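Engineer: In order, the protein sequences belong to chains H and R. According to the working numbering, the residues represented by the first sequence are 29 to 465, in order. According to the working numbering, the residues represented by the second sequence are 242 to 549, in order.
No wet-lab data here; the hints were simulated from the structure. The structure presented is a predicted model; accordingly, all values stated were derived computationally and were not measured. Be a bit skeptical, because a hint or two may be false.
As a list, the in silico DSBU-like pairs of lysine-lysine whose alpha-carbon atoms are at most 35 Å apart [what the hints assert, rightly or not]: (1) K338(H) - K408(H); (2) K320(H) - K353(R); (3) K355(H) - K118(H); (4) K392(R) - K273(H); (5) K408(H) - K159(H); (6) K408(H) - K273(H); (7) K221(H) - K392(R); (8) K159(H) - K118(H); (9) K392(R) - K219(H); (10) K221(H) - K273(H); (11) K355(H) - K95(H); (12) K118(H) - K197(H); (13) K392(R) - K197(H); (14) K197(H) - K274(H); (15) K353(R) - K274(H); (16) K389(H) - K408(H); (17) K315(H) - K392(R).
This is what each chain is made of:
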Amino acid sequence: MSIDRRKLLQGGAAIAAGAVLTSPFIRPALAQAGGAMFTPEEGASLRLLRWVPFVKGEEDAWNANTKAFTEATGVEVRIDQESWEDVRPKAAVAANVGSGPDMVMSWFDDPFQYPDKLVDVTDLCTMLGEKNGGWYDGLRGYGEQDGKFISTPLCAIGNAICYRDSHMKAAGFDTFPTDTEGFLALCTALKEKGTPAGFPFGKAVGDGNNFVHWLLWSHGGQTVNEAGEVAINSPETAAAIEYAKKLYAVFVPGTESWLDINNNRAFLAGDISLTANGVSLYYAAMKEEATKALGEDIRTSNLPIGPVGKSIELHQTSTISIFQHCKFPNAAKAYLEFMYQPDQMNAWLTGASAYCCQALKGFADNPVWTSNPIHAPYAKASESLRPNGYAGPLGPASAGVMADYVLVDMFAEAVTGQRSTEEAIANAERRISRYYR
Amino acid sequence: MPDLPEPRAPFWRRLVESRNGLGLLFMLPAAVFLLCFLTYPLGLGVWLGFTDARIGRAGQWIGLENYAWLMDDPVFWLSVFNTLFYTVVASILKFGLGLWLALLLNRHLPFKNFFRAIILLPWVVPTVLSALAFWWIFDSQFSIISWVLMKWGLISQPINFLGDPWNARLSVMAANVWRGIPFVAISLLAGLQTIPQSLNEAAAIDGATPWQRFRRVTLPLLTPIIAVVMTFSVLFTFTDFQLIYVLTRGGPVNATHLMATLSFQRAIPGGQLGEGAAIAVAMIPFLLAAILFSFFGLQRRKWQQGAD
Numbered sequence: 029m030s031i032d033r034r035k036l037l038q039g040g041a042a043i044a045a046g047a048v049l050t051s052p053f054i055r056p057a058l059a060q061a062g063g064a065m066f067t068p069e070e071g072a073s074l075r076l077l078r079w080v081p082f083v084k085g086e087e088d089a090w091n092a093n094t095k096a097f098t099e100a101t102g103v104e105v106r107i108d109q110e111s112w113e114d115v116r117p118k119a120a121v122a123a124n125v126g127s128g129p130d131m132v133m134s135w136f137d138d139p140f141q142y143p144d145k146l147v148d149v150t151d152l153c154t155m156l157g158e159k160n161g162g163w164y165d166g167l168r169g170y171g172e173q174d175g176k177f178i179s180t181p182l183c184a185i186g187n188a189i190c191y192r193d194s195h196m197k198a199a200g201f202d203t204f205p206t207d208t209e210g211f212l213a214l215c216t217a218l219k220e221k222g223t224p225a226g227f228p229f230g231k232a233v234g235d236g237n238n239f240v241h242w243l244l245w246s247h248g249g250q251t252v253n254e255a256g257e258v259a260i261n262s263p264e265t266a267a268a269i270e271y272a273k274k275l276y277a278v279f280v281p282g283t284e285s286w287l288d289i290n291n292n293r294a295f296l297a298g299d300i301s302l303t304a305n306g307v308s309l310y311y312a313a314m315k316e317e318a319t320k321a322l323g324e325d326i327r328t329s330n331l332p333i334g335p336v337g338k339s340i341e342l343h344q345t346s347t348i349s350i351f352q353h354c355k356f357p358n359a360a361k362a363y364l365e366f367m368y369q370p371d372q373m374n375a376w377l378t379g380a381s382a383y384c385c386q387a388l389k390g391f392a393d394n395p396v397w398t399s400n401p402i403h404a405p406y407a408k409a410s411e412s413l414r415p416n417g418y419a420g421p422l423g424p425a426s427a428g429v430m431a432d433y434v435l436v437d438m439f440a441e442a443v444t445g446q447r448s449t450e451e452a453i454a455n456a457e458r459r460i461s462r463y464y465r
Numbered sequence: 242m243p244d245l246p247e248p249r250a251p252f253w254r255r256l257v258e259s260r261n262g263l264g265l266l267f268m269l270p271a272a273v274f275l276l277c278f279l280t281y282p283l284g285l286g287v288w289l290g291f292t293d294a295r296i297g298r299a300g301q302w303i304g305l306e307n308y309a310w311l312m313d314d315p316v317f318w319l320s321v322f323n324t325l326f327y328t329v330v331a332s333i334l335k336f337g338l339g340l341w342l343a344l345l346l347n348r349h350l351p352f353k354n355f356f357r358a359i360i361l362l363p364w365v366v367p368t369v370l371s372a373l374a375f376w377w378i379f380d381s382q383f384s385i386i387s388w389v390l391m392k393w394g395l396i397s398q399p400i401n402f403l404g405d406p407w408n409a410r411l412s413v414m415a416a417n418v419w420r421g422i423p424f425v426a427i428s429l430l431a432g433l434q435t436i437p438q439s440l441n442e443a444a445a446i447d448g449a450t451p452w453q454r455f456r457r458v459t460l461p462l463l464t465p466i467i468a469v470v471m472t473f474s475v476l477f478t479f480t481d482f483q484l485i486y487v488l489t490r491g492g493p494v495n496a497t498h499l500m501a502t503l504s505f506q507r508a509i510p511g512g513q514l515g516e517g518a519a520i521a522v523a524m525i526p527f528l529l530a531a532i533l534f535s536f537f538g539l540q541r542r543k544w545q546q547g548a549d
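Could you build all of it, start to finish, from the sequences and the hints given here?
Structural biologist: What follows is the structure, given as C-alpha cells:
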C-alpha cells in the first residue's frame, strides 16, 4: 500500500493523497481498514442518488457496506433512490444548479453530459485500478475523458442469452452455437419446432438497445468513427440489417411491439424458448413454483460472435460521479475507496447474485460467478462491453442517439418492411448527424 | 400664510378606496398564480424552443434551427399525423358514443342512478392503471381477445395488436375512447337535464317525430354544452401521453408516437430540451385552432336558436 502511495506521489497525480499525509490526524478506524488514501473532512455527511435496485440482495449489501463506512468514519451517507429513467434528469439538474445530491450512481454516458461539473477522481481510480488488477477497457471508457477520470466505473449489468436446453436439443443442437450463422440456424430450427426465439424490436430501453447494438457491432458496423463523424452508412450496417431480417422472420410474431418486460413474460409463459436478458429472468423462473421446472431447463450463453470475430456487447453500465458542489469531496472519495475495498466490493457483487459485473479485473474471481453455471456468461459482461456510440466519444450526442431509439428504429423499420435497408440506413444517418452536428 | 393644500391621502388608502383599485387587489393573487404557473412556464417553453438547451446546460439562441430540423424530420411529421388522426377519430367516436349514452341515461330506466354511477368508472380509474389493463388485453402473446377468438376457431394465431402500425393506432384509440366516453356522456347528460321537458312535450303535441324533436329541440339547446365538452375532450385527446407511454412508448417504429410523447422522448431521456420544447410549442397552433373552432363554430347563436 505505501509503495502505491509513494508511486502516486512521485507521479504527481495525487494532490489529495498529499493532503492525507500532511493532515494532522488519521482516523484509527480507517487506518485499520487497510490504510485509506482519503480522509473525510471533519463533520462531513454525504448524499448519494442512486437508481432503484433491481435485486434485493444488491441493495442490502450496498446499504450494509455504507453502514460499515459510517461506523468506521462517522460520516453519515444518505441514499436516495430514483427509478432508473429519472436518474438522468435529476442528476443533470443537480449538476447544473449546483445543489442536491453530492454523488450520483447513474447510467451509461451521463457523466459526459456535464464533465466540468464533476470532481476529478483520477487519483482515486488510478489507485483502485493499480490495487485491483486494472479496469476493464469498456468500463474505463465510461469513466475516463481525455486521460482524466471524471467518474468511477461501478459495474456492467450483464446481458446474456437465456434458452431452454430441452428445446434446443429437440431442435437438433447439442451445444449452443457460438457464431451468428449457427445462431440463425438454431433460431430457424426452433421456429420449425414451434418453440421460437424472440428479441425485442420495440422501444425497450434496455433489452432493445442491447440487442440492436449487438446486431450492428457484431457485423462491424458503427454509428460514428473515432472522430465523431457519422459512419452508419456502410456495407457492414447493411449486412447487420439483412441478418436481422432473417432473424425477425423466425422470431415469435409481435416482437416489434415489445417493451422491456415482454420477452421475460413470453419466456416465462413458455411462448418463446430463447431470448437475451439479465440473470433476473432465471431467478424469476426459480421463484415461482409453477415455473420452477422451466427455470431448471434454462441455460445461459454469451451472444454469438459475428463477422468481426470477437464477442462485443453494449450492456447497461453504471458509474458513480462526485459533483463539484459536494462540500466534502474527500469524504466522498473515502466513501468510494471504502466501497471498492475487496471485502465490501465482493460482498456487494455476491449480494447482486450475478446481476452486476465488476468493473475491476481483480474481482473476476468472485465466487458468485462459479456458484452456479447459469452465472458464467454474465461474468464476461465487463470484458465484452463496448461503450455506447462506438467508435466516437461519449457525450450528449451518443446519449441522445440511444435515448431517441435511432438504432432500434433503423432495424425495426427494415425488418418490418416499412423501409428498405438503404432507406432505413439513410434515415438513421440523418438522425445521427443531427445529434453529432 | 397661505393655506397648505390638503395632504393627499396615502397611496394605499386611495387604492383600497377606489373601486378599480380594490378590484385590482382582489385580482392580484389569481394574476400572480397565472403568471407564475402558466405564463412563465409557457414563455420559458417557447424560449427553449429557440435554443439548443440540453438537460444540465443552458442553451444558446439558435433561432428557428430546431423548427427547420423538425420540418425535415419524418418522425416529427409522422407524430403530427398520428396526433391529428388520433384526436379527430377518437373525439368523433367519443362524441357519438357519449351522446348516445347520455340520451339513453336520460330516459327513465330502472336503477338509473346506479347506471349513471357505474358509467363513470373508466373515468375514475387512474389512466396508468387502465392503460396497464389494456396493455395485457393487447399483448402480442397473451391477449384475451386473441385467446377467445382462437378458442372459437376464428383465427389461428394471436392478433398483432401493438406490432402492426394500423392495428396499434386503432388499439390505442380504442383505449382512449373507452376512457373518454364517461366524461362526454355525463357532461352531456347534465346538459340534457337542463332542457325543459315542456319544450319536448309541446313539439310532440305539434306532431314532431322523435328525430325532429331531437334535431330541432334537444340538439340546439345542447350545443353550448357540446362546445365546452368537446373542447375539453379534444384538448385531452390531443395532449394524451400516459396511454401511449404505457402501451407502446410510441412504437412500433413510431407509428403511435404523438407529439406529446415524442417531445418527452427527445427532451427528457434524450436530453435535447430545446428540440423537445420546439415539438411542444408546435402543438400550440393546433390547440388554438381547436379552441377557436369550438368557440366560434359551435357557439353561433343563430344556430342555437334553430335558424339555419
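Engineer: All hints are to be evaluated individually against the structure, with a verdict given for each.
Structural biologist: Going down the list of hints, with the structure as the test:
1. K338(H) - K408(H): Cα-Cα ~12 Å, so holds.
2. K320(H) - K353(R): violated, 50 Å
3. K355(H) - K118(H): Holds: K355(H) and K118(H) sit about 19 Å apart, inside 35 Å.
4. K392(R) - K273(H): holds, 31 Å
5. K408(H) - K159(H): Distance ~21 Å between K408(H) and K159(H) Cα, so the pair holds.
6. K408(H) - K273(H): With a Cα-Cα distance of about 28 Å, the restraint between K408(H) and K273(H) holds, given a limit of 35 Å.
7. K221(H) - K392(R): Distance ~22 Å between K221(H) and K392(R) Cα, so the pair holds.
8. K159(H) - K118(H): holds, 33 Å
9. K392(R) - K219(H): holds, 22 Å
10. K221(H) - K273(H): Given pair K221(H), K273(H) holds - Cα atoms ~20 Å apart, limit 35 Å.
11. K355(H) - K95(H): holds, 21 Å
12. K118(H) - K197(H): Between K118(H) and K197(H) the Cα gap is close to 48 Å, so the pair fails against 35 Å, i.e. violated.
13. K392(R) - K197(H): Holds - the C-alpha atoms of K197(H) and K392(R) are around 31 Å apart, at most 35 Å.
14. K197(H) - K274(H): holds, 22 Å
15. K353(R) - K274(H): violated, 58 Å
16. K389(H) - K408(H): holds, 11 Å
17. K315(H) - K392(R): holds, 31 Å
In summary, the numbered hints that this structure violates are 2, 12 and 15.
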